[in-house]
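Just so you know, we're using full-length UniProt numbering here: the sequence shown kicks off at 1 and counts up by one.
For the record, the hints were derived by calculation from the structure and aren't laboratory data. These figures come from a predicted structure and were not determined experimentally. There's no promise every hint is true.
Straight-line alpha carbon distances no greater than 20 Å define the calculated EDC-like cross-link-like pairs of lysine to aspartate or glutamate that follow [stated by the list, open to error]:
id : residue 1 : residue 2
1  : Lys-66    : Asp-9
2  : Lys-44    : Asp-12
3  : Lys-83    : Asp-73
4  : Lys-34    : Glu-74
5  : Lys-66    : Glu-80
6  : Lys-44    : Glu-74
7  : Lys-44    : Glu-32
8  : Lys-34    : Asp-12
9  : Lys-44    : Asp-9
10 : Lys-34    : Asp-47
11 : Lys-34    : Glu-6
12 : Lys-66    : Glu-6
13 : Lys-44    : Asp-73
14 : Lys-83    : Glu-60
15 : Lys-34    : Asp-73
16 : Lys-34    : Asp-9
Beta-carbon label-pair distances, calculated as ranges [claimed, not checked]:
id : residue 1 : residue 2 : range
17 : Ala-61    : Ala-8     : 18 to 24 Å
18 : Asn-64    : Ala-38    : 36 to 42 Å
19 : Tyr-11    : Arg-77    : 16 to 22 Å
20 : Ser-30    : Asn-64    : 27 to 33 Å
21 : Asn-64    : Ala-8     : 18 to 24 Å
22 : Thr-68    : Thr-20    : 17 to 23 Å
Backbone N, C-alpha and C define an ideal beta-carbon position, used for all residues, glycine too.
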Amino acid sequence: GILTYEQADIYDLTNGARLTTSALPGERGSGEVKINGAAAHLVKPGDLVILVAYGVFEEEAAKNLKPTVVLVDERNRILEVRKG
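The task is simple: from the sequences and hints, build the whole structure.
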């Protein structure tokens, strides 16, 4: 999962906006993705977005790293989890 205050990028497929922000705590399992502050002017409810979180790893650990892609429905309920 994404950790509290972890840096994340948001790519808004609806309007083309791209922004970098940090994750804030929310209710686990709620499916909520909230955009606050100035970023709220760029992303609106109902927009289709890609949320990307990154990590920094030692070279040996990075060689074995497999990305996780989570596909969700319009209410952010998990449809499928793909492991790289």
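- Item | Structure-inconsistent hints, enumerated in ascending order | Of the numbered hints given earlier, the structure breaks none, since each of them holds.
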